[in-house]
Amino acid sequence: MSRARVGIIAAWLLVMAVAVYAVQDHEKTLHDGQLVLLRLAPVDPRSLMQGDYMALRFEVDAQLRAEDGKWPKYAYLQLGAGSRTSFAGMGDALTTEPGRVSMRIRPGVRGASLGPNAFFFQEGQAALYENARWGGFRVAADGTALLTSLYSEELELLGNNRR
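Residues in the sequence shown are numbered consecutively from 1, following the working numbering.
Keep in mind the hints are simulated off the structure, nothing from the lab. All of these numbers come straight from a predicted model, not from anything done at the bench. One or more of the hints may lead you astray.
Pairs of lysine to any residue, SDA-like flavour, derived with a Cα cap of 25 Å [what the hints assert, rightly or not]:
#1 K73 <-> L146
#2 K70 <-> L94
#3 K70 <-> G115
#4 K73 <-> Y53
#5 K73 <-> D25
#6 K28 <-> A126
#7 K73 <-> A62
#8 K28 <-> E130
Okay, the calculated beta carbon distance ranges per label pair [as the list claims (entries may be wrong)]:
#9 L94 <-> R65: 17 to 25 Å
#10 L30 <-> S86: 39 to 47 Å
#11 V6 <-> E153: 57 to 65 Å
#12 K28 <-> N160: 50 to 58 Å
#13 G124 <-> V18: 19 to 27 Å
#14 K28 <-> R65: 29 to 37 Å
Glycine is no exception: its CB is placed at the ideal position from the N, C-alpha and C atoms.
Turn these sequences into a full structure, and let the hints steer you where they fit.
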């Protein structure tokens with residue numbers, strides 16, 4: 001076997017190993033992560049439903065601020081009834097305070113956010129998500145968060161996602 005072929009196979013195996021690790025890491029977060037709910041902020045109604053996704057913005061994002069031009073690593077959220085959260089601060093280390101959870105801050109072009117700017121669902125399912133008021137995340141111990149579902153004001157799980 002030529003060196004080039006061995007190199008290609010080794011590179012392919014490395015890429016596959018990294019992909020498998022990433023998928024397993026996310027599956028662990030989905031299975032073991034703590035449920036955290038972030039209140040959704042209003043979005044321009046003309047862009048609320050676009051095809052098979054809903055545009056999202058979270059109220060807590062308005063409280064995230066860069067310090068000296070640098071974003072802190074984590075936002076600290078106070079857990080309330082029903083896994084609802086409120087903003088409790090920011091910092092560069094994971095919080096150890098009881099009743100609080102750390103979520104990684106995701107800096108972007110338009111500021112920072114704790115979650116994605118869209119929630120995707122099957123085409124034709126938009127009506128199931130019209131009453132969404134909370135975004136449900138599973139948060140790992142290291143602050144990694146995955147948006148898993150949307151909830152109504154009464155914390156009713158919306159749609160077909162049952163994670």
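Right, here's what the structure says about each hint:
1. K73 <-> L146: 16 Å, holds
2. K70 <-> L94: 17 Å, holds
3. K70 <-> G115: 19 Å, holds
4. K73 <-> Y53: 28 Å, violated
5. K73 <-> D25: Roughly 20 Å separates the two Cα atoms, so the pair holds.
6. K28 <-> A126: Measuring from Cα to Cα gives roughly 29 Å; hence the hint is violated.
7. K73 <-> A62: 16 Å, holds
8. K28 <-> E130: 29 Å, violated
9. L94 <-> R65: 17 to 25 Å: 19 Å, holds
10. L30 <-> S86: 39 to 47 Å: About 24 Å separates the Cβ atoms of L30 and S86, which means 39 to 47 Å is violated.
11. V6 <-> E153: 57 to 65 Å: Hint holds: Cβ distance 59 Å, inside 57 to 65 Å.
12. K28 <-> N160: 50 to 58 Å: The hint (50 to 58 Å, Cβ to Cβ) is violated, given that K28 and N160 are roughly 23 Å apart.
13. G124 <-> V18: 19 to 27 Å: 35 Å, violated
14. K28 <-> R65: 29 to 37 Å: 31 Å, holds
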